[in-house]
Amino acid sequence: MTQPEPLTPLTEDWHRALAVVAHPDDLEFGAAAAVARWTRQGKEVVYCLLTSGEAGIDGMPPDRSRVLREEEQRASAAVVGVSAVEFLGLPDGLLEYGVPLRRAIAAVVRRHRPDVVLTNNFRETWDGGYALNQADHIACGRATLDAVRDAGNRWIFPEQLTDGTQPWSRVREVWAAGSPVARHGVDVTDTFDAGVASLRAHGAYLSGLGDGSFDAEEFLEGMARPAGARLGARFGAAFEVFRIDLA
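Residue numbers (numbering that gives the first Met the number 0): 0 to 246.
A couple of the hints might just be wrong.
Computed beta-carbon distance windows for the label pairs [to be verified]: (1) PRO5 - ARG242: 16 to 24 Å; (2) ARG242 - GLU4: 16 to 24 Å; (3) TYR129 - GLU158: 17 to 25 Å; (4) ARG39 - ALA228: 17 to 25 Å.
Treat the hints as calculated values from the structure; they're not laboratory data. Quick reminder that beta carbons are idealized off the backbone N, C-alpha and C, glycines included.
Work the whole structure out from these sequences, hints included.
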């Protein structure tokens with residue numbers, strides 16, 4: 000039986016990361032333990048949520064769900080050392096790849112000036128086979144990748160360059176968590192429990208999954224153990240790395 004190739008450790012010689020994802024809970028399904036590792040190292044991580052996940056709880060009206068899910072996301076972020084959480088208020092379930100979405104994300108990149116940008120898997124599937132990804136995730140990741148390059152070009156969205164805002168061309172890489180073709184990773188053995196606690200903070204959302212018996216620790220272990228084995232560690236988080244070329 001062919002063994003999975005080892006994961007190359009992610010570089011950690013950076014100071015600020017910006018995480019751009021579609022919904023509350025997206026980062027907690029695999030990446031939050033890595034965020035906890037980095038904030039414990041003294042790094043700064045900012046969360047940007049494109050939507051408020053208002054369409055994510057079947058038994059709760061969107062207006063009520065929006066408020067609750069934003070509260071849960073802020074509490075979840077605090078567990079892993081993140082205090083800056085932004086919501087862009089775009090419509091949950093209806094994100095579309097295109098210029099408007101690139102424009103919105105480019106503005107966030109220019110404002111926060113990160114060294115690296117995190118997002119979620121935006122391949123068509125989660126497993127490289129049959130487990131289909133969500134349309135919002137795909138649109139978010141594709142637009143994030145392009146918006147990072149847009150942010151460095153002063154002639155793209157020039158209306159954003161006011162009140163001291165400048166182009167930002169120093170994003171080194173974009174890291175997509177949970178990609179089925181990930182070749183990089185980070186050891187999260189020491190922060191795995193924080194990642195579990197961060198996911199559990201989305202209590203209202205998780206209670207509506209399936210029959211209500213979702214086990215956050217069991218689910219995250221199912222991803223973290225294989226990734227850890229590829230790193231020579233107990234638990235790991237896997238990422239697909241995109242190096243930024245502004246040419």
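- Message: Within 17 to 25 Å: is that where the Cβ-Cβ distance between TYR129 and GLU158 falls?
- Response: Roughly 43 Å apart at Cβ, these two residues miss the hinted range, so it is violated.
- Query: CB of ARG39 to CB of ALA228, is that within 17 to 25 Å?
  - Reply: holds, 23 Å
- So the hint says 16 to 24 Å: do the beta-carbon atoms of PRO5 and ARG242 match that? holds, 19 Å
- Query: Regarding ARG242 and GLU4, is the given constraint of 16 to 24 Å on their beta-carbon distance met?
  - Reply: At roughly 19 Å between Cβ atoms, GLU4 and ARG242 fall inside 16 to 24 Å, so the hint holds.
Hint 3 alone, counting from the list given before, is not met by this structure.
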